[in-house]
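Start from the sequences and build out the full structure, keeping to the hints where you can.
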Amino acid sequence: MGSSNSGDKGTRNLVIGMISFIVVVGVVFSLISNRSTSTAAIPATVSEADGYGIVLNPEKTPVIDVYLDYQCGACKYFEIINGGYLNEVIAQKKAKVVFHPMTFLGPESVLAANAAACAADENEFVDMNLALYQNQADQHNTGKWSKEYLTQLGKSIGITSSSFESCVSDGKYVRWTSNVAAESAKADVNSTPTIFINGKELNRDNGEYGNLGKFRAALAAGGVN
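Per my numbering: the sequence shown = residues 1 to 225.
Each hint should be verified, as a subset may be incorrect.
Keeping only pairs whose Cα atoms sit at most 25 angstroms apart, straight-line, the calculated PhoX-like set for lysine-lysine is [unchecked claim]: (1) 96 to 200; (2) 186 to 147; (3) 76 to 214; (4) 214 to 200; (5) 214 to 93; (6) 147 to 172; (7) 172 to 93; (8) 144 to 155; (9) 186 to 200; (10) 94 to 200; (11) 147 to 96; (12) 76 to 93; (13) 76 to 155; (14) 186 to 96; (15) 76 to 200; (16) 172 to 144; (17) 147 to 93; (18) 96 to 76; (19) 94 to 76; (20) 172 to 60; (21) 214 to 60; (22) 155 to 200; (23) 147 to 60; (24) 214 to 94; (25) 200 to 172; (26) 144 to 200.
Label pairs and their computed distance ranges (CB to CB) [claimed, not checked]: (27) 49 to 221: 22 to 28 angstroms; (28) 223 to 147: 26 to 32 angstroms; (29) 205 to 39: 39 to 45 angstroms; (30) 148 to 200: 28 to 34 angstroms.
Derived from the structure by calculation, the hints contain no laboratory data. A virtual CB, placed ideally from N, CA and C, is assigned to each residue, including glycine.
This is the structure in structure tokens:
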């Protein structure tokens, strides 16, 4: 039991450290990217009213907003712990879920966000979202996430259309990521992951990000049942 408690504390400290680092980087991001472009191509599943996020179950309530960066290690950890349940909420249409792919960690975050939006056009966002985390590199901007790699990643989960391939290779939604960044800054989001339920952020201090039971309880308190 002592060994297990020590491991839990170590995991908690690791997550807190990762999130703290991303907060610092995010502050820089928020200062330099508070601009959007009206000429950006916008994915069909995106809502300007929802901060240019990718919207799943648009007619449902309550509303869950997920701010992420696909190169963010803490976001991957959140996905490992809570992603399965969140996907269940989406599949069972228990809530409107809005994903905001942020890109402050560098150019491969932009390419990944574009690929995720391209997958959303094919109704495959949830699977692509998971695949990106499962194939996250240990370091940022290693060159792993090239357009070719991301196209093949889509094919590996069953997206074989030429429209997806051209969307990724042409960077169709790259400029849209600037809109996401600008709206995220307006919402005072300066770290990832950041999760809101009906406009109220999850509590970072009591384990709602890193504990499935507490995450489920937070969603239930927000009306997800």
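Right, here's what the structure says about each hint:
1. For the hint pairing residue 96 with residue 200, the CA-to-CA distance comes to about 15 angstroms; that is within 25 angstroms, so the pair holds.
2. Our distance criterion of 25 angstroms between C-alpha atoms is broken by residue 186 and residue 147, whose separation comes to about 30 angstroms.
3. At most 25 angstroms may separate the alpha-carbon atoms for a hinted pair to count; residue 76 and residue 214 meet this at roughly 18 angstroms.
4. The suggested pairing of residue 214 with residue 200 holds, with an alpha-carbon distance near 15 angstroms, which does not exceed 25 angstroms.
5. With a C-alpha separation of about 21 angstroms, the suggested pair residue 214 and residue 93 falls inside the 25 angstroms cut-off, and the hint holds.
6. Among the hinted pairs, residue 147 with residue 172 is consistent with the structure: their alpha-carbon atoms are about 12 angstroms apart, no more than 25 angstroms.
7. Distance check on the hinted pair: residue 172 and residue 93 sit about 29 angstroms apart at the alpha-carbon level, beyond 25 angstroms; violated.
8. Between residue 144 and residue 155, the direct Cα distance comes to roughly 16 angstroms. Compliance with the 25 angstroms bound is thereby established for this hinted pair.
9. Note on residue 186 and residue 200: the hinted pairing holds, with a Cα-Cα distance of about 15 angstroms set against a maximum of 25 angstroms.
10. Taking the CA atoms of residue 94 and residue 200, the gap is near 18 angstroms; set against the 25 angstroms cutoff, the hint holds.
11. With a C-alpha separation of about 30 angstroms, the suggested pair residue 147 and residue 96 falls outside the 25 angstroms cut-off, and the hint is violated.
12. Only pairs whose Cα atoms come within 25 angstroms are accepted, and residue 76 paired with residue 93 is accepted, the gap being roughly 23 angstroms.
13. As the CA atoms of residue 76 and residue 155 are separated by approximately 21 angstroms, the hinted pair is consistent with the 25 angstroms bound.
14. For a cut-off of 25 angstroms, the pair hint linking residue 186 to residue 96 stands: about 21 angstroms separates their Cα positions.
15. Pair hint residue 76 plus residue 200 holds up; C-alpha atoms about 22 angstroms apart against a cutoff of 25 angstroms.
16. Our distance criterion of 25 angstroms between C-alpha atoms is met by residue 172 and residue 144, whose separation comes to about 20 angstroms.
17. For the hint pairing residue 147 with residue 93, the CA-to-CA distance comes to about 32 angstroms; that exceeds 25 angstroms, so the pair is violated.
18. Distance hint between residue 96 and residue 76 is fulfilled; the C-alpha atoms sit about 21 angstroms from each other, no more than 25 angstroms.
19. Between residue 94 and residue 76 the CA atoms are separated by roughly 23 angstroms; this keeps the pair inside 25 angstroms, and the hint holds.
20. Proposed proximity of residue 172 and residue 60 is contradicted: the alpha carbons are some 28 angstroms apart, above 25 angstroms.
21. For the given pair, residue 214 sits about 23 angstroms from residue 60 by alpha-carbon distance, which is consistent with the 25 angstroms threshold.
22. The suggested pairing of residue 155 with residue 200 is violated, with an alpha-carbon distance near 37 angstroms, which exceeds 25 angstroms.
23. Among the hinted pairs, residue 147 with residue 60 is inconsistent with the structure: their alpha-carbon atoms are about 34 angstroms apart, more than 25 angstroms.
24. Distance hint between residue 214 and residue 94 is fulfilled; the C-alpha atoms sit about 18 angstroms from each other, no more than 25 angstroms.
25. Restraint check: the Cα-Cα separation between residue 200 and residue 172 comes to about 32 angstroms, which exceeds 25 angstroms; the hinted pair is violated.
26. For a cut-off of 25 angstroms, the pair hint linking residue 144 to residue 200 is broken: about 35 angstroms separates their Cα positions.
27. Checked against the given bound of 22 to 28 angstroms, the beta carbons of residue 49 and residue 221, roughly 25 angstroms apart, stay inside it.
28. At roughly 40 angstroms, the beta carbons of residue 223 and residue 147 sit outside the given window of 26 to 32 angstroms.
29. For the pair residue 205 and residue 39, the supplied restraint of 39 to 45 angstroms holds, since their beta-carbon distance comes to about 41 angstroms.
30. About 41 angstroms separates the C-beta atoms of residue 148 and residue 200, a value inconsistent with the hinted range of 28 to 34 angstroms.
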